Amino acid sequence: MNTLYIKTRPLLHYSVLFLATTTLPCTVYSASSLEPVIITASRIDQETRTLPSNTTIITADDIKKSTARTIQELLSQQAGIRARHLYGNNAARASIDIRGFGATATSNTLILLDGRRLNDIDLSAVDLSAIPLHNIERIEIIRGGGSVLYGDGAVGGTINIITKRHGKSGTRGQVAIAGGSFNSREINAGIDYISGDFSVNLAAQSLASDGYRIHNNYRQNNFQADLRQMMEKGEIFLKLGVDEQDLQLPGVRTVDPNIPLDQLNNDRRGSSSLNDYADRSGYFFTLGTTRYLNDDTELVVDLGYRYKNDTAFLSGAFFSSNVDTELSNWSLTPRIKMQNNWLGVPGTLTTGLDFYDSLYKSNRAQTPNTTNQPIHLLKLTQTSVALYAQQILKPQKHYRYNIGVRVQNVKTNAIDRFDATAPGASAFDSQAPGGDNSDTEKGMELGVSYDLNAATTIYAGYNRAFRIATVDETFATFPGAFKFLQPQTSNNIEFGVKYATNKLTAQSGVYYMRLKNEIQFNPVTFSNINLDPTRRYGIEVSAQYQLIPDLKLDANVTLMRSQFRGGAFTGNAVPLVPSKTATLSALWNIRPYMLLTTTVNYVGEKRFDNDQSNTFAKIPSYKTVDMKLTGKLHNWRIAAQVKNIFNEKYFEYGVRSTFTAGRYNAYPLPEREFVISLEKQF
1 MNTLYIKTRP LLHYSVLFLA TTTLPCTVYS ASSLEPVIIT ASRIDQETRT LPSNTTIITA
61 DDIKKSTART IQELLSQQAG IRARHLYGNN AARASIDIRG FGATATSNTL ILLDGRRLND
121 IDLSAVDLSA IPLHNIERIE IIRGGGSVLY GDGAVGGTIN IITKRHGKSG TRGQVAIAGG
181 SFNSREINAG IDYISGDFSV NLAAQSLASD GYRIHNNYRQ NNFQADLRQM MEKGEIFLKL
241 GVDEQDLQLP GVRTVDPNIP LDQLNNDRRG SSSLNDYADR SGYFFTLGTT RYLNDDTELV
301 VDLGYRYKND TAFLSGAFFS SNVDTELSNW SLTPRIKMQN NWLGVPGTLT TGLDFYDSLY
361 KSNRAQTPNT TNQPIHLLKL TQTSVALYAQ QILKPQKHYR YNIGVRVQNV KTNAIDRFDA
421 TAPGASAFDS QAPGGDNSDT EKGMELGVSY DLNAATTIYA GYNRAFRIAT VDETFATFPG
481 AFKFLQPQTS NNIEFGVKYA TNKLTAQSGV YYMRLKNEIQ FNPVTFSNIN LDPTRRYGIE
541 VSAQYQLIPD LKLDANVTLM RSQFRGGAFT GNAVPLVPSK TATLSALWNI RPYMLLTTTV
601 NYVGEKRFDN DQSNTFAKIP SYKTVDMKLT GKLHNWRIAA QVKNIFNEKY FEYGVRSTFT
661 AGRYNAYPLP EREFVISLEK QF
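The numbering of the sequence shown is our numbering, which starts it at 1 and goes up by one.
Since the hints were derived computationally from the structure, they do not count as laboratory data.
Each pair of labels, with its calculated beta carbon distance range:
hint	residue 1	residue 2	range
1	Q373	Y305	27 to 35 angstroms
2	V200	K442	35 to 43 angstroms
3	A454	V200	38 to 46 angstroms
For clarity, every value in this text was computed on a predicted model and none was experimentally measured.
Glycine is no exception: its CB is placed at the ideal position from the N, C-alpha and C atoms.
Build out the structure end to end from the sequences listed, making use of the hints.
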């Protein structure tokens, strides 16, 4: 493994051990319910009800009550969002899809941590398992294009994960352990210390599991810290984190009726390889300051650095591949927010600059033993500079208007070094000629919301979103070449209604997205291409209803279509996008100290990956039922959980063969699971 991985492993283990064994005497802190307001870390300071988009806020209390055990699972229970799992092993390498982008979901859903981008310039999914679930204060979900405030990649939607901040003075802590099926083990610990104007929040997590399938062991360790010093007119903050993950890859289960072969049903938990693995390690830090220049103006300046190392080995009957990739990123994102008057109309202006400088180095060899003589050694640099401004106007008490624009330039330089004498080098392979590319794109938004009455708000909006091809999408393996694709653009409209009373909260949104130059992989040419024009449209409905004082219902339904609107596949469905999804949760307070949560998830059928022609069978629909019983006594909390109670056999990802009719590969997901957890607050 790499040097960073070796250095960070002891630090992570000691961090978890220290936090778990530190007992701090103090009074119990009980967090109160949070108001539904998007906070500064997301560049928006506005009640969610008034935003001209379909928005959702998930609080720390919602997380505790939910049957979800991972961020991905929690997000999948929301309208219009699906997580695509390959293994189900603590959602390792799972991707998040908002509004139906299928195979390229990761590149079209922007994920932020405390307002800062987690999406990298490669194709790898954001590692949400590196964020301790117990350290999350809230999750903000803004569906639809968000390129004005957040830039490249905010096409289907934006998810902002806000970690816990300082609260009351004093010291608080918590430690939790959990265990369950497949020899799963987990320990979480956290400390929150506040003294005067200084505060520290520390969170650590360690997870391990043998996995549902053979050769699917999983290890994950995470540590995060947040230090803040309040000042007379603002604060200085430092955030940092370290994470590591080891994951064995069990490979696919193949179904081929021509042989016949049916590993999916006859050997569901088996492995196609006992040698494959994918390891990841990394760290980040953010140093910044918030200054209140006057009563109406706030300035935020933060400097960030993020590093990750991905190492993966894949073996096969005819080839093997070892990829060792390092990616580093510097960022500077100053911004200012002020109360202003524009043409005599009161409002709020948010404007800023985003600067990102990334370095990508990838060593591509035949095996781990030949990394000193790689077949390809890629080096790509990417610099992104953007200016943006968003104006919110409030001409009357019940009206609000949003106007925004962004201009972003992305420059990429690519170099490949090819060694024809390297072990495993193909006679058909070659060195990719170096290249430079520059793209300039614009994001725009127009929106309006209107309060019909004290309970009801209607909204309508238009936005233009875009994404730039990742470095992985730029490089084609056979033959070696850098292919700079056209930026993907999307013109979107949506309208909806939001309703809120003491007993019932509901919202419904209808959207239409018109895309050009969508970027996807072509399995025939083994390269990425700009697709013919596509579109997405759908309706998302969600509601929470307090049926009786001790019983609350939470439900959502999504109907969506992702289609080609031009070319040879006009009218066909985009693969991997279910047309129907639904979730129903019931939260029953059996006693003041006991809560029973039951969640039913339904996902409709969808096309296999690589089935743009829509001529293959579909990935079947499925329904799962999860249940969790939580009890609380003084400072103790215990929970017993059963996932997939009825033992549903299902999979979320499958790909049809390009060359053999009727053949496909799939990744089966776990059947029934049991989990028990114990938490102590100090």
